[in-house]
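Trainee: Protein sequences, first through last, are from chains X and U.
Be aware that the first sequence starts at 29, since it is given in the numbering used here, and climbs by one per residue.
Be aware that the second sequence starts at 81, since it is given in the numbering used here, and climbs by one per residue.
The hints are simulated quantities; they were obtained by calculation from the structure and are not laboratory data.
For glycine and all other residues, C-beta sits at the position ideal for the given N, C-alpha and C.
Watch out, some of these pointers could steer you wrong.
[Said to hold, decoys possible] Listed next, the stretches of chain X that the computed footprint assigns to chain U, with coverage defined by at least 3 CB atoms under 8 Å from CB atoms of chain U:
| hint | segment |
| --- | --- |
| 1 | 91–97 |
| 2 | 303–317 |
[Said to hold, decoys possible] 30 Å max Cα-Cα, derived DSSO-like pairs, lysine-lysine:
| hint | chain 1 | residue 1 | chain 2 | residue 2 |
| --- | --- | --- | --- | --- |
| 3 | X | Lys203 | U | Lys187 |
| 4 | X | Lys203 | U | Lys249 |
| 5 | U | Lys249 | X | Lys198 |
| 6 | U | Lys264 | X | Lys136 |
| 7 | X | Lys256 | X | Lys136 |
| 8 | U | Lys264 | X | Lys171 |
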Amino acid sequence: MSMSERLAELLAFDSKGGAEPMAACALAPEEQRPPHSGQPYVDLRGASLVYGSGGEQMLAIDRLDLQVGQGEFVAVVGPSGCGKSTLMKLVTGLLQPDAGAVFIQGQKVTGPVRNVGMAFQNSTLLPWRTTLENVLLPFELVKPHRQRIRRHHAEYRARAMHLLDVVGLKDFAEKYPWELSGGMQQRANVCRALVHQPPLLMLDEPFGALDAFTREELWLLTQQLWLKQRFSAILVTHDLREAVFLADRVIVLSKRPGRIILERRVDLPRPRSLAHTYEPAFSEIVHEIRDTILEARA
Amino acid sequence: MKTSTNVARQAWVPWVTTLALLVLWQIVAMVLGSASLMLPAPTAIAQSIGQHYDVIWPNALQTLYTTGLGFGLAVALGMVFGLAIGASSLIYRGVYPLLIAFNAVPKVALVPIFVLWFGIGTLPAVVTAFSLAVFPIIVNVATGLSTIDAEMEDVMRSLGATRWDILTKVGIPRMAPYLFASLKIAITLAFVGSVLSETIASNEGIGFLMQAASSRFDVPLVFAGVIVIAAMAVIAYQLCEVIEGRFTHWAKRGK
Ligand SMILES: Nc1ncnc2c1ncn2[C@@H]1O[C@H](COP(=O)(O)OP(=O)(O)OP(=O)(O)O)[C@@H](O)[C@H]1O
Ligand SMILES: [Mg+2]
Numbered sequence: 029m030s031m032s033e034r035l036a037e038l039l040a041f042d043s044k045g046g047a048e049p050m051a052a053c054a055l056a057p058e059e060q061r062p063p064h065s066g067q068p069y070v071d072l073r074g075a076s077l078v079y080g081s082g083g084e085q086m087l088a089i090d091r092l093d094l095q096v097g098q099g100e101f102v103a104v105v106g107p108s109g110c111g112k113s114t115l116m117k118l119v120t121g122l123l124q125p126d127a128g129a130v131f132i133q134g135q136k137v138t139g140p141v142r143n144v145g146m147a148f149q150n151s152t153l154l155p156w157r158t159t160l161e162n163v164l165l166p167f168e169l170v171k172p173h174r175q176r177i178r179r180h181h182a183e184y185r186a187r188a189m190h191l192l193d194v195v196g197l198k199d200f201a202e203k204y205p206w207e208l209s210g211g212m213q214q215r216a217n218v219c220r221a222l223v224h225q226p227p228l229l230m231l232d233e234p235f236g237a238l239d240a241f242t243r244e245e246l247w248l249l250t251q252q253l254w255l256k257q258r259f260s261a262i263l264v265t266h267d268l269r270e271a272v273f274l275a276d277r278v279i280v281l282s283k284r285p286g287r288i289i290l291e292r293r294v295d296l297p298r299p300r301s302l303a304h305t306y307e308p309a310f311s312e313i314v315h316e317i318r319d320t321i322l323e324a325r326a
Numbered sequence: 081m082k083t084s085t086n087v088a089r090q091a092w093v094p095w096v097t098t099l100a101l102l103v104l105w106q107i108v109a110m111v112l113g114s115a116s117l118m119l120p121a122p123t124a125i126a127q128s129i130g131q132h133y134d135v136i137w138p139n140a141l142q143t144l145y146t147t148g149l150g151f152g153l154a155v156a157l158g159m160v161f162g163l164a165i166g167a168s169s170l171i172y173r174g175v176y177p178l179l180i181a182f183n184a185v186p187k188v189a190l191v192p193i194f195v196l197w198f199g200i201g202t203l204p205a206v207v208t209a210f211s212l213a214v215f216p217i218i219v220n221v222a223t224g225l226s227t228i229d230a231e232m233e234d235v236m237r238s239l240g241a242t243r244w245d246i247l248t249k250v251g252i253p254r255m256a257p258y259l260f261a262s263l264k265i266a267i268t269l270a271f272v273g274s275v276l277s278e279t280i281a282s283n284e285g286i287g288f289l290m291q292a293a294s295s296r297f298d299v300p301l302v303f304a305g306v307i308v309i310a311a312m313a314v315i316a317y318q319l320c321e322v323i324e325g326r327f328t329h330w331a332k333r334g335k
């Protein structure tokens, strides 16, 4: 079965309704977050971040203004070390800005933001857990699942297994991370970020270590899930095609300290297919972003 | 080629080396002849073990008991201290120098103090075993906790994990291999502590038995005590290794 067929199955599975075990625990994300309510989901206002203290201070992010709408998919590109990962940490409240402020749904961020899905470049699977147990981790932590998982374990297990099936890891559910290839680990990592249907998804170069084909498959997967769940997302990537394929808007950051040097809206229709990436309209956007980055480097 | 016969052969190696050592020992003792009074042959030691079986047995149990108790306390308190030190840099700064100082003190010098405090017999032996065994456990538990990947912690925190969640779901599993590695060291040190204390201040235990035997110039019995202690330590060590394998199979990477 191809990946897209599996996807179709997943989507069908979700929409069947009451009879399926999943319907009982689905959070009905659409109801909770109407697609456009005016207020941005993520709102950075003049946020700066300084690393180090005393004589060795270093400005990683300089007065950054960035809004991400509810259900919007934003990609961030920029040279290595410009502060992209730092930006992710600011948005999720893992770091507090030294100046300016970060708001999520209008609320000022003062500590780690709960219920965010995160996937990093190096997979952060827990080595003592099997793939399945790793994917179940968010359910053990995020409310209201953490109170329910003990009693409804089979239901959550089915949900995790289904997602693993979609990314082709069903047969590896009981294997440990070190028994998986790098690409498989990365797929499991993305599953874990998505499984609890978080309202905000943060992807820090999650497909970087994958081969081109797997990577493109995961683009399709991410797009499908996004079309279905309409979470807000920030994707950090070095791959401009990836950025343009997935995002509604591409942000280009300058060298450190990171400042926005280009904001490019991508108005290509969805769902986008891989064939689209070879069309002139697509290439044009990629080239425009590329030129901006090259100029900034010079 | 890595075959199962190869593995089976490897399982024999420790027995072969032990046997070789015993044979060598036997030959040296026989060559020394009557001078072997100070180095009894393995056969003489075996004979002594058979002869004094009724004395060795209860004393071995006593040593096992004090060692086990000291070791158990060391594991429990060592984990508590280790977790506290690993989890809080304030506690680390405050306590670590004291720990190092305590560890540097030769425990032989402490036994008389323990005797003053606890009398002679079981209690000072337990305390000495504990005081020797606890340090490696504390250090390893604290080290294990400090190896938590920052990104892993970030993922946990962004899922709303509490400090307790992070400790139980990441901290303790992460530190487990370090803990088990330290148990193997700690158990042997606990035996050293027990026997040390029994030698100085007790009227039971293998340490006492060896002390008494040596004052009667019953050299084979002294060596019998050595052999019994060594055997108990090896078995306890193997046991720790089996438990370690059970709990940390994930850290052993497939072959
Ligand atoms: N914990 C830290 N302490 C001190 N400096 C840091 C820390 N983390 C990052 N930096 C510095 O901040 C700058 C931005 O780092 P960041 O990780 O955000 O870059 P990045 O854009 O994600 O790079 P890459 O594309 O290579 O992942 C870098 O110069 C880095 O050296
Ligand atoms: Mg980065």
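Trainee: Each hint needs a verdict: does it hold in this structure or not?
Mentor: Hints, verified against the model:
1. Requiring three or more residues with a Cβ within less than 8 Å of a Cβ of chain U, the coverage given for the segment 91–97 of chain X is violated, as only 0 such residues are present.
2. Using a Cβ-Cβ cut-off of 8 Å, 0 residues of the segment 303–317 of chain X lie near chain U, which falls short of the minimum of three, so the contact claim is violated.
3. Among the hinted pairs, Lys203 of chain X with Lys187 of chain U is inconsistent with the structure: their alpha-carbon atoms are about 47 Å apart, more than 30 Å.
4. Restraint check for Lys203 of chain X and Lys249 of chain U: satisfied, since their Cα atoms lie roughly 18 Å apart, inside the 30 Å limit.
5. Restraint check: the Cα-Cα separation between Lys249 of chain U and Lys198 of chain X comes to about 24 Å, which is no more than 30 Å; the hinted pair holds.
6. Straight-line distance between C-alpha atoms of Lys264 of chain U and Lys136 of chain X comes to about 50 Å, which puts the hinted pair past the 30 Å bound.
7. Straight-line distance between C-alpha atoms of Lys256 of chain X and Lys136 of chain X comes to about 28 Å, which keeps the hinted pair within the 30 Å bound.
8. At most 30 Å may separate the alpha-carbon atoms for a hinted pair to count; Lys264 of chain U and Lys171 of chain X exceed this at roughly 41 Å.
Hint compliance for this structure: hints 1, 2, 3, 6 and 8 are not met, and every other hint is.
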